[in-house]
Amino acid sequence: MINKNKIFTKGVLDCLPLLLPVVPFGIIFGVIGMELGFGPYVTYATSFIIFAGSSQIVFIQLISAGASPLVTLTSVGIVNSRHLLYGAVLAEYLEKLKLRWKILLSYLLTDQAFAVSNKYFKKNNKNKFAHYHLLGSGLGLWVTWQLSTILGIVLGAIVPEELGLSFTIPLTFISLLVSEFRKSKHIIVILVSGCVALLAYNMPFKAYIIIAAIAGLSVAAFLNRKKA
Amino acid sequence: MIWLKMIIAGIITFLTRFLLVSLIKKNSLTNKTKIVLSYVPSAVFPAIIFPAVFLNLNGQLFIEDNPKIIGAIAAVLVGYFSKNVVTTIILGLLVYWAYIFIG
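Here the protein sequences come in this chain order: W and A. The first sequence runs contiguously to residue 228 in this note's numbering. The second sequence runs contiguously to residue 103 in this note's numbering.
Incorrect hints may have been included.
[Stated by the list, open to error] No farther apart than 27 Å at their CA atoms in a straight line, the calculated lysine-lysine pairs in the DSS-like style are these: (1) LYS25/A x LYS119/W; (2) LYS32/A x LYS6/W; (3) LYS119/W x LYS5/A; (4) LYS226/W x LYS123/W; (5) LYS10/W x LYS26/A; (6) LYS4/W x LYS5/A; (7) LYS26/A x LYS185/W; (8) LYS10/W x LYS32/A; (9) LYS96/W x LYS5/A; (10) LYS34/A x LYS123/W; (11) LYS102/W x LYS185/W; (12) LYS4/W x LYS32/A; (13) LYS5/A x LYS183/W; (14) LYS5/A x LYS185/W; (15) LYS5/A x LYS128/W; (16) LYS5/A x LYS6/W; (17) LYS123/W x LYS96/W; (18) LYS123/W x LYS5/A; (19) LYS5/A x LYS227/W; (20) LYS183/W x LYS34/A; (21) LYS32/A x LYS122/W; (22) LYS34/A x LYS185/W; (23) LYS83/A x LYS119/W; (24) LYS83/A x LYS206/W; (25) LYS32/A x LYS226/W; (26) LYS5/A x LYS226/W; (27) LYS122/W x LYS5/A; (28) LYS4/W x LYS26/A; (29) LYS102/W x LYS83/A; (30) LYS96/W x LYS26/A; (31) LYS206/W x LYS25/A; (32) LYS96/W x LYS83/A; (33) LYS126/W x LYS34/A.
[Unchecked claim] Ranges between beta-carbon positions, derived for each pair: (34) LEU155/W x LEU57/A: 19 to 29 Å; (35) LEU57/A x LEU147/W: 35 to 45 Å; (36) LEU4/A x LEU191/W: 17 to 27 Å; (37) ASN127/W x ALA98/A: 39 to 49 Å; (38) TRP3/A x LEU99/W: 51 to 61 Å; (39) THR9/W x ASN27/A: 42 to 52 Å.
Note that these hints are calculated values from the structure, not bench results. Beta carbons: idealized from backbone N, C-alpha and C, even for Gly.
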């Protein structure tokens, strides 16, 4: 029991520094939802039901622009499709869990939770309670996202735009890659993915993230073609 | 109608997370695939980083006098030497602020 609590707490603590951009982003989402006229209940419900910042923004923007359901739902799926890759990476660590655990942890799977818990799993793959780390990191982010959306809905834009806190989004993702900065193959993959994202940025359905990811992984496969 | 669309959107989002967690079995992946999958962070995160740093709000390239590039370079350097998540974020933000408020 102590072991479970410890691992859960470590998960929460590991994701704490990554929550810095989540608060202003959640507030901004709440504000945008209200400004587009969705009202407090619909705006908040997207944070609970969809629970994926960029997919939520795409969802409410396309609906308010009068896009067809097909376009709206396709875009939501494509924006979030990178999580298929996260799932593929984590599958081996979560394989033995009961279905209800897999459902709960999948619902809580975000970029940040994936990043910190994947690192933890790599080091602690023998521990049978390791999944409590993902529960901790996932819930830490979930609670923060719910509360900051509500803050944005109730209080409006309380974080001044001049602070440029949206810049903390790329900063946290840079910080999540620091352990790869000394590996030349990883640096090549990082540069390829980044440049492809810039080139593909204006593609329909916001497909640039998954296109860049596939380009990066193809280069990774090529660079490692001689291994096993 | 909006609620129906939202619930379907929620199910789709959930499936992107759940599908491969539930379908992939430990021994169904070859070693080669596992090696490639270990590059997922390096292949996905830059696709979020680069546009947020190098493009303006209209999606156009924004290179000259761009405080985000300065902040990002600072973060990469700090990250390279410290290998620490928190220091990287905080120093990157401080350099960015120094550039827009003082610089």
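Results of checking the hints against the structure:
1. LYS25/A x LYS119/W: With Cα atoms ~20 Å apart, LYS25/A and LYS119/W stay inside 27 Å; holds.
2. LYS32/A x LYS6/W: The given pair, whose Cα atoms are some 34 Å apart, is violated under the 27 Å limit.
3. LYS119/W x LYS5/A: violated, 35 Å
4. LYS226/W x LYS123/W: With a Cα-Cα distance of about 26 Å, the restraint between LYS226/W and LYS123/W holds, given a limit of 27 Å.
5. LYS10/W x LYS26/A: With Cα atoms ~25 Å apart, LYS10/W and LYS26/A stay inside 27 Å; holds.
6. LYS4/W x LYS5/A: violated, 38 Å
7. LYS26/A x LYS185/W: Between LYS26/A and LYS185/W the Cα gap is close to 25 Å, so the pair holds against 27 Å.
8. LYS10/W x LYS32/A: Violated. LYS10/W to LYS32/A sits at ~31 Å, over the 27 Å cutoff.
9. LYS96/W x LYS5/A: violated, 33 Å
10. LYS34/A x LYS123/W: holds, 16 Å
11. LYS102/W x LYS185/W: Status violated; Cα separation ~32 Å.
12. LYS4/W x LYS32/A: violated, 33 Å
13. LYS5/A x LYS183/W: Outside the cut-off at roughly 44 Å; violated.
14. LYS5/A x LYS185/W: violated, 42 Å
15. LYS5/A x LYS128/W: The hint is violated at about 38 Å.
16. LYS5/A x LYS6/W: With Cα atoms ~39 Å apart, LYS5/A and LYS6/W exceed 27 Å; violated.
17. LYS123/W x LYS96/W: Holds. LYS123/W to LYS96/W sits at ~18 Å (cutoff 27 Å).
18. LYS123/W x LYS5/A: violated, 40 Å
19. LYS5/A x LYS227/W: Violated - the C-alpha atoms of LYS227/W and LYS5/A are around 46 Å apart, more than 27 Å.
20. LYS183/W x LYS34/A: Roughly 17 Å separates the two Cα atoms, so the pair holds.
21. LYS32/A x LYS122/W: Measuring from Cα to Cα gives roughly 17 Å; hence the hint holds.
22. LYS34/A x LYS185/W: holds, 15 Å
23. LYS83/A x LYS119/W: Cα-Cα ~14 Å, so holds.
24. LYS83/A x LYS206/W: Violated, at about 31 Å.
25. LYS32/A x LYS226/W: Cα-Cα ~9 Å, so holds.
26. LYS5/A x LYS226/W: With a Cα-Cα distance of about 47 Å, the restraint between LYS5/A and LYS226/W is violated, given a limit of 27 Å.
27. LYS122/W x LYS5/A: violated, 38 Å
28. LYS4/W x LYS26/A: holds, 23 Å
29. LYS102/W x LYS83/A: violated, 31 Å
30. LYS96/W x LYS26/A: Roughly 9 Å between the alpha carbons, so the hint for LYS96/W and LYS26/A holds.
31. LYS206/W x LYS25/A: violated, 30 Å
32. LYS96/W x LYS83/A: violated, 32 Å
33. LYS126/W x LYS34/A: holds, 18 Å
34. LEU155/W x LEU57/A: 19 to 29 Å: holds, 24 Å
35. LEU57/A x LEU147/W: 35 to 45 Å: With a Cβ separation near 27 Å, LEU57/A and LEU147/W fall outside 35 to 45 Å, so the hint is violated.
36. LEU4/A x LEU191/W: 17 to 27 Å: Hint violated: Cβ distance 43 Å, outside 17 to 27 Å.
37. ASN127/W x ALA98/A: 39 to 49 Å: With a Cβ separation near 43 Å, ASN127/W and ALA98/A satisfy 39 to 49 Å, so the hint holds.
38. TRP3/A x LEU99/W: 51 to 61 Å: violated, 26 Å
39. THR9/W x ASN27/A: 42 to 52 Å: Roughly 32 Å apart at Cβ, these two residues miss the hinted range, so it is violated.
In summary, the structure is inconsistent with hints 2, 3, 6, 8, 9, 11, 12, 13, 14, 15, 16, 18, 19, 24, 26, 27, 29, 31, 32, 35, 36, 38 and 39 from the numbered list given earlier, while agreeing with the others.
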